[in-house]
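Residue-level listing of the chains:
Protein chains: 4
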Amino acid sequence: MTKLNWGMIGGGEGSQIGPAHRLGAQADGHFTFAAGALDIDADKGRAYAQSLGVAADRAYGNWQEMLDGEKGREDRIDLVTVATPNSTHYEITKAFLEAGFNVLCEKPMTMTVEEGEDIVRTAEATGRICAVNYCYSAYPMVRHMRHMVASGELGAIRCVVANFSHGHHADAGDADNPRVRWRYDPAMAGVSGQMADCGIHALNLATFITGDEVTTLSADFASTIPSRVLEDDAMVNFRLSKGTIGRLWTSTIAIGRMHGLDIQVFGEKGGVRWHSEQPGQVWYTRLNGRTEIIEKGEGGISEMAAHVSRVPIAHPEGFPLAVANIYVDLAAAIRARRDGTPLDPAADHFPKAEAGLRSMASVYATVASAKADGAWVDARPPMYR
Amino acid sequence: MTKLNWGMIGGGEGSQIGPAHRLGAQADGHFTFAAGALDIDADKGRAYAQSLGVAADRAYGNWQEMLDGEKGREDRIDLVTVATPNSTHYEITKAFLEAGFNVLCEKPMTMTVEEGEDIVRTAEATGRICAVNYCYSAYPMVRHMRHMVASGELGAIRCVVANFSHGHHADAGDADNPRVRWRYDPAMAGVSGQMADCGIHALNLATFITGDEVTTLSADFASTIPSRVLEDDAMVNFRLSKGTIGRLWTSTIAIGRMHGLDIQVFGEKGGVRWHSEQPGQVWYTRLNGRTEIIEKGEGGISEMAAHVSRVPIAHPEGFPLAVANIYVDLAAAIRARRDGTPLDPAADHFPKAEAGLRSMASVYATVASAKADGAWVDARPPMYR
Amino acid sequence: MTKLNWGMIGGGEGSQIGPAHRLGAQADGHFTFAAGALDIDADKGRAYAQSLGVAADRAYGNWQEMLDGEKGREDRIDLVTVATPNSTHYEITKAFLEAGFNVLCEKPMTMTVEEGEDIVRTAEATGRICAVNYCYSAYPMVRHMRHMVASGELGAIRCVVANFSHGHHADAGDADNPRVRWRYDPAMAGVSGQMADCGIHALNLATFITGDEVTTLSADFASTIPSRVLEDDAMVNFRLSKGTIGRLWTSTIAIGRMHGLDIQVFGEKGGVRWHSEQPGQVWYTRLNGRTEIIEKGEGGISEMAAHVSRVPIAHPEGFPLAVANIYVDLAAAIRARRDGTPLDPAADHFPKAEAGLRSMASVYATVASAKADGAWVDARPPMYR
Amino acid sequence: MTKLNWGMIGGGEGSQIGPAHRLGAQADGHFTFAAGALDIDADKGRAYAQSLGVAADRAYGNWQEMLDGEKGREDRIDLVTVATPNSTHYEITKAFLEAGFNVLCEKPMTMTVEEGEDIVRTAEATGRICAVNYCYSAYPMVRHMRHMVASGELGAIRCVVANFSHGHHADAGDADNPRVRWRYDPAMAGVSGQMADCGIHALNLATFITGDEVTTLSADFASTIPSRVLEDDAMVNFRLSKGTIGRLWTSTIAIGRMHGLDIQVFGEKGGVRWHSEQPGQVWYTRLNGRTEIIEKGEGGISEMAAHVSRVPIAHPEGFPLAVANIYVDLAAAIRARRDGTPLDPAADHFPKAEAGLRSMASVYATVASAKADGAWVDARPPMYR
Ligand SMILES: NC(=O)c1ccc[n+]([C@@H]2O[C@H](COP(=O)([O-])OP(=O)(O)OC[C@H]3O[C@@H](n4cnc5c(N)ncnc54)[C@H](O)[C@@H]3O)[C@@H](O)[C@H]2O)c1
Ligand SMILES: NC(=O)c1ccc[n+]([C@@H]2O[C@H](COP(=O)([O-])OP(=O)(O)OC[C@H]3O[C@@H](n4cnc5c(N)ncnc54)[C@H](O)[C@@H]3O)[C@@H](O)[C@H]2O)c1
Ligand SMILES: NC(=O)c1ccc[n+]([C@@H]2O[C@H](COP(=O)([O-])OP(=O)(O)OC[C@H]3O[C@@H](n4cnc5c(N)ncnc54)[C@H](O)[C@@H]3O)[C@@H](O)[C@H]2O)c1
Ligand SMILES: NC(=O)c1ccc[n+]([C@@H]2O[C@H](COP(=O)([O-])OP(=O)(O)OC[C@H]3O[C@@H](n4cnc5c(N)ncnc54)[C@H](O)[C@@H]3O)[C@@H](O)[C@H]2O)c1
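From first to last, the protein sequence lines stand for chains B, Z, R and F.
Mapping to the UniProt record's numbering: the first sequence position 8 is 8, numbers consecutive.
Mapping to the UniProt record's numbering: the second sequence position 293 is 293, numbers consecutive.
Mapping to the UniProt record's numbering: the third sequence position 285 is 285, numbers consecutive.
Mapping to the UniProt record's numbering: the fourth sequence position 14 is 14, numbers consecutive.
No lab work stands behind these hints, which were simulated from the structure alone.
Keep in mind that the hints are not guaranteed to be accurate.
Said to hold, decoys possible - Below, in silico cross-link-like pairs of lysine-lysine (BS3-like), each with a Cα-Cα straight-line distance of 30 Å or less:
1) K3(F) to K44(F)
2) K94(R) to K352(F)
3) K44(B) to K3(Z)
Given only the sequences and the hints, what does the whole structure look like? Please build it.
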């Protein structure tokens with residue numbers, strides 16, 4: 001396997017979604033982070049890209065420079081991720097597709113339906129891949145629910161209920177904070193606020209899992225904070241092409257909901273439920289049966305779920321990122337030692353040989369105690385007594 | 001930032017912990033996977049390393065070859081991970097430390113206390129880092145609990161209760177399966193079964209969070225399946241140096257527990273509870289107060305927790321791995337197109353431009369419907385009507 | 001305190017709601033079960049009432065007899081509960097109110113709005129109490145949420161989301177079973193199926209907790225099983241008089257939901273959430289604060305909640321019914337001994353003196369062992385060694 | 001069915017366990033509350049009993065009076081409950097058994113093992129029932145777990161893990177409060193603190209569910225608050241007669257645990273788990289199978305569970321007590337009207353005819369709206385428009 005080259009537009013320092021793309025692209029070792037135009041501020045973008053290991057000549061000041069620079073290279077990037085604000089997605093995505101690049105575009109892919117159709121046609125015409133980052137559809141157990149529907153295990157699907165509600169924009173006092181305000185301002189956010197921002201994920205999940213498409217819908221929007229023009233709370237009733245009833249609630253003023261993305265799918269023969277805050281389990285109930293918990297990594301899970309799960313059953317789905325944290329600390333410690341610089345105290349919590357020794361001494365102590373009918377024994381390694 | 005070079009011993013194809021190390025080392029882009037001796041079978045190890053992008057001359061047949069090969073290089077690895085079976089950890093770790101390499105060793109670090117002391121002394125003598133992969137201590141919220149104890153928020157710690165119990169070795173009919181049997185056979189596993197395998201993580205967490213050390217303990221071991229010599233269920237009572245009472249239960253026959261690692265810490269002024277299956281939250285109760293849920297990513301989280309969390313509050317801790325799954329699929333799709341080979345159907349579930357378009361059309365439909373008092377409207381993009 | 005006399009119409013042997021009324025009316029000792037017309041079959045009703053301790057002359061064959069019989073008595077019933085099928089509520093309730101009785105009527109109170117207005121006016125005219133059994137509003141923590149809204153703790157209420165969805169009528173094969181079919185047949189159930197049966201509870205909770213009334217609404221109904229005329233799944237968007245947005249989903253085909261009644265109330269200053277399946281807790285999040293769990297029985301709970309909670313903090317809300325089960329067994333055992341009849345084996349699981357003795361011996365053993373540093377000791381009472 | 005007569009000793013006004021006994025004895029209508037000596041203060045006890053409906057001549061000043069008074073009556077009580085402080089249980093229970101009464105004694109039954117043996121022998125000699133209020137064993141799902149073990153569904157039981165830990169005595173500042181202090185003072189509480197108070201319930205559950213007895217044990221006790229002599233935290237390892245391993249943790253300083261009574265039973269063929277805070281479900285995992293949730297009231301539940309559950313599947317186990325709360329309010333309202341006294345405002349939250357009417361109007365509105373494709377309609381009853 002040779003690595004593929006990857007580039008990124010947007011996702012600069014302090015951005016919300018940037019880190020997830022860098023972790024995501026590099027974790028499995030398929031992609032080298034080779035090029036980037038990461039920031040609206042050209043200098044900051046160039047500097048940050050280099051600090052992340054991108055070569056100086058591929059740390060670009062803006063996406064047009066990047067398009068020009070990459071187009072001509074032998075080792076041009078195989079994939080570009082577009083993680084800039086929404087209004088720029090269409091232009092950038094289109095330009096890169098036309099220049100023959102594969103694109104992963106953040107959601108929403110475009111600002112209008114016409115632009116969306118144009119992107120679909122451009123991808124077809126150029127034969128390039130244009131993907132959209134509906135990342136919740138990539139959780140192993142979400143894929144498994146899609147399999148369950150496709151395989152007929154649930155029978156015809158009668159009803160799908162999807163929510164994506166949080167409370168992070170509930171503060172009326174914060175409504176004029178520019179970081180929040182633009183989201184409810186049609187001049188900046190377009191036709192829709194919360195529906196376009198979060199509801200769209202829930203709707204995509206509903207169609208992804210059922211393998212169906214939305215045909216008609218009816219919506220009720222509310223702007224619960226007076227200064228807002230666009231909706232901060234919405235309810236949508238919809239129908240899928242095969243007759244499934246759909247219900248979707250999305251809100252930004254649901255104080256107490258942290259990341260309230262969940263979905264329930266009810267068929268003739270069974271129902272399944274999944275919550276993004278506990279992504280490793282699906283609650284499955286067969287008609288007239290008991291609720292069963294399908295576990296990430298259990299034997300016999302569908303191929304499409306297994307394909308994206310690398311953890312064995314006895315480990316939580318997010319476990320590799322805890323391991324990654326050890327490496328983050330180690331990189332800091334190695335660099336500090338190498339460069340003779342002080343180690344950031346926050347990075348000095350990784351387990352050291354002393355921890356390895358102390359636990360081993362404790363294990364030996366448990367063995368000795370158990371043999372002696374529970375007698376209390378010293379658990380310290382001799383060198384620390 | 002230039003990348004550091006990383007190598008791995010063990011963790012071959014199909015191994016349990018190998019993938020987590022590769023994801024962990026590469027996710028943040030600090031390390032390039034440069035060298036490896038991945039398998040007990042030299043040929044399989046060489047081939048697998050190359051399939052993962054390691055250069056042919058650094059895809060070694062065994063660890064001695066790797067030690068020799070790396071020792072002399074300019075661009076020698078900055079860190080080596082030892083993820084082989086337990087009985088080899090000591091020898092390999094010691095050899096690499098002595099040759100001047102930093103090591104991340106899997107747990108348990110050694111088979112005996114004497115070996116453990118030797119590793120601690122070797123690390124000191126050589127000035128190299130020797131870390132141990134007690135990875136649960138690297139979850140952001142576990143670090144935050146450590147901060148809470150250290151800062152005095154909980155007062156003096158009275159009691160810590162840690163469990164790590166699962167049911168994955170509960171099948172008596174499976175007890176003679178070689179993949180299970182060796183764990184309860186002293187000839188292969190050493191003095192302890194489940195305590196050394198899992199209990200050790202729980203014990204390490206107890207000391208990590210309290211910032212204290214185990215002084216004395218009393219244990220009760222049981223081998224509930226007759227053919228087993230070593231314990232498959234253990235209870236340990238212990239004392240920490242500052243007087244804290246400790247309770248630790250660990251089991252492999254707790255049918256129904258998937259990954260039952262949890263910890264509770266009770267101090268004079270408050271208590272905290274954490275479960276590995278829901279790693280993004282800590283349940284915190286102040287003395288005479290209500291239980292509060294501390295959320296990953298909330299404002300004002302301690303520096304030592306923030307340092308290892310890259311997700312903003314509105315996203316689950318394991319979220320970047322869902323994003324990574326999109327990239328896994330894209331890498332497969334890009335390679336298939338490039339090479340003219342068929343795409344694995346299991347990799348063809350990433351969201352495409354059509355999905356981006358369809359959701360955008362639905363958003364527009366919700367806006368139109370909401371404006372029309374909930375009238376039902378067509379939600380399909382014109383090109384798909 | 002002298003006891004009040006209580007009577008019941010409907011709720012015969014095997015009925016669904018009958019037992020809850022008998023437990024409910026008698027538990028606190030306020031009411032004596034004095035009269036009843038419990039069954040559509042007069043003989044069965046008379047026999048069953050007597051088997052429950054009602055005197056023969058007050059075990060009536062139908063409600064008209066009961067009305068006549070009670071009207072003239074000195075010790076006439078102080079309250080009558082109407083727990084018959086829906087279509088009879090209006091007639092019976094009206095007749096008893098007019099004869100000067102207080103009435104607790106099951107929901108729905110009437111079949112039409114006109115009848116409902118008539119009952120309201122009749123109650124006013126007669127000066128009698130007419131209550132309706134919206135029993136979920138009587139959970140202590142639901143009352144406490146009402147208090148939180150009334151006291152202004154949550155600020156103006158922006159949004160209320162209520163669900164009552166279960167999967168108990170999801171079996172298409174069972175749809176023609178008469179016990180299920182009538183619910184979806186307008187000839188028998190009236191204008192509405194699931195909305196009138198369950199949705200009505202959720203809607204009542206929404207108005208009870210917010211202390212407000214529904215002004216306008218928009219609904220989407222579906223009959224997901226072809227043979228059904230009335231809805232088995234419904235979504236309602238509504239507005240309360242003070243501007244609160246409402247969302248209500250109710251379903252009978254949500255396979256896997258057992259008793260999915262829950263409610264979320266979001267105000268300017270905080271949000272609260274409650275689930276009927278865990279009725280003793282309210283999840284409360286202040287604006288910009290952490291989620292806190294308000295516990296049944298905690299100090300300082302509101303007066304209106306405390307008034308209906310008799311369990312101290314360290315006991316679950318339903319605890320007295322576990323105690324009641326001991327008394328159920330004891331009554332059976334006492335009667336069997338008295339009458340020389342064999343005891344139903346299912347009633348012979350109450351704890352006996354032997355259990356009291358054995359645990360005491362175990363407690364003494366723990367004390368002895370703890371004093372002896374954990375030595376293993378015999379835990380059996382001498383008489384059983 | 002004629003009612004049985006019931007009497008109570010202890011459980012006076014403001015006592016902790018008294019209300020649960022009164023609710024428990026009366027709920028099912030088997031017992032009439034006929035006699036009582038409820039308080040250590042004779043006058044208060046007599047007054048309180050009468051306020052609860054006990055006749056003046058059977059509202060006794062102390063238990064000796066009650067024994068004398070009841071002994072001679074035709075309609076003497078069929079059962080007496082002893083709910084006084086622990087040190088009085090033995091004397092009272094013994095006296096009533098010897099006089100030919102059936103007794104339900106609170107736990108712990110006696111202060112010493114010798115006394116316990118004496119009670120067992122007395123009950124045998126007199127042929128009277130002596131029961132002990134281990135009420136958790138009477139939850140329907142606990143009984144069902146007992147059935148699962150007895151029927152062999154779980155195979156031989158390897159391990160049982162029981163906890164009963166709370167944090168209600170964790171306040172060092174409160175340790176000298178007399179209501180707390182006596183529990184840790186051997187002069188008042190006897191040989192054991194938390195083990196005798198709460199651990200005993202967990203231990204009883206372990207033996208009840210497994211149908212086995214404790215043979216040997218080893219304990220570790222701690223008094224984490226310096227002024228305490230008796231334990232406030234204890235860990236017990238035990239063995240049952242058939243070889244089952246037992247683990248029991250009990251604590252009063254586990255800040256944040258409200259009523260932490262839970263039990264896990266692991267057999268050769270499966271495991272079950274139950275938590276007292278969610279008493280209506282058992283989590284059941286067959287060997288090599290998925291976790292299934294057994295629901296209160298599901299079809300085919302064991303006879304011994306069904307016998308003590310009166311709620312159908314679609315209602316939570318504690319539901320009848322919510323209904324009871326409606327009756328509590330109604331009794332207050334009826335008495336206030338009858339007596340012309342003002343109604344306690346806390347009792348004025350029961351649903352009235354207006355609520356019945358308003359919901360009916362809303363149901364009609366949903367029907368009209370659904371028929372009109374979701375048009376917004378007025379939901380108010382005409383008389384309130
Ligand atoms: N898939 C998901 O779950 C998810 C989650 C969060 C955000 N998003 C999407 O990701 C996109 C970015 O959102 P965010 O929250 O990270 O925004 P952000 O404001 O936090 O960051 C945007 C970044 O893009 C840079 N940028 C802006 N304009 C640029 C340009 N013309 N060229 C290069 N860089 C530019 C900014 O400097 C900044 O670093 C949005 O489209 C958003 O909808 C998706
Ligand atoms: N930190 C954790 O949470 C965690 C979790 C699982 C395993 N582990 C530890 O990781 C280690 C490996 O466990 P596993 O479950 O992945 O084992 P495994 O049997 O699944 O894999 C072991 C791998 O090491 C290779 N190997 C064996 N001997 C070798 C040698 N001499 N040189 C090179 N490669 C060799 C094997 O070919 C195989 O690929 C163990 O020490 C285990 O305790 C830790
Ligand atoms: N508040 C709640 O949560 C709740 C829950 C369940 C049922 N309910 C309501 O309670 C009522 C009864 O429901 P159910 O499920 O118990 O019904 P059911 O069919 O199980 O029982 C009805 C009982 O009424 C008796 N009966 C019928 N007609 C009678 C008559 N004319 N006179 C005397 N007795 C008569 C029947 O013999 C039977 O015993 C319904 O109105 C229902 O909506 C309310
Ligand atoms: N089964 C359980 O789960 C459970 C729960 C709580 C308490 N209990 C037990 O119930 C018993 C009472 O506990 P409590 O918490 O209710 O105590 P409490 O102190 O709250 O109440 C004790 C009551 O008994 C009365 N009393 C005391 N001495 C008396 C006497 N000689 N004659 C008549 N009345 C007398 C007091 O006046 C008071 O009303 C204890 O044995 C306790 O262990 C059991």
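Take a quick look at whether K3(F) and K44(F) sit within 30 Å of each other, Cα to Cα.
-> Satisfied, since the Cα-Cα distance of roughly 27 Å is no more than 30 Å.
30 Å Cα cutoff - pair K44(B), K3(Z) | holds, 20 Å
Taking 30 Å as the top limit, are the C-alpha atoms of K94(R) and K352(F) close enough?
-> holds, 14 Å
Checked against the numbered hints above, the structure breaks none of them.
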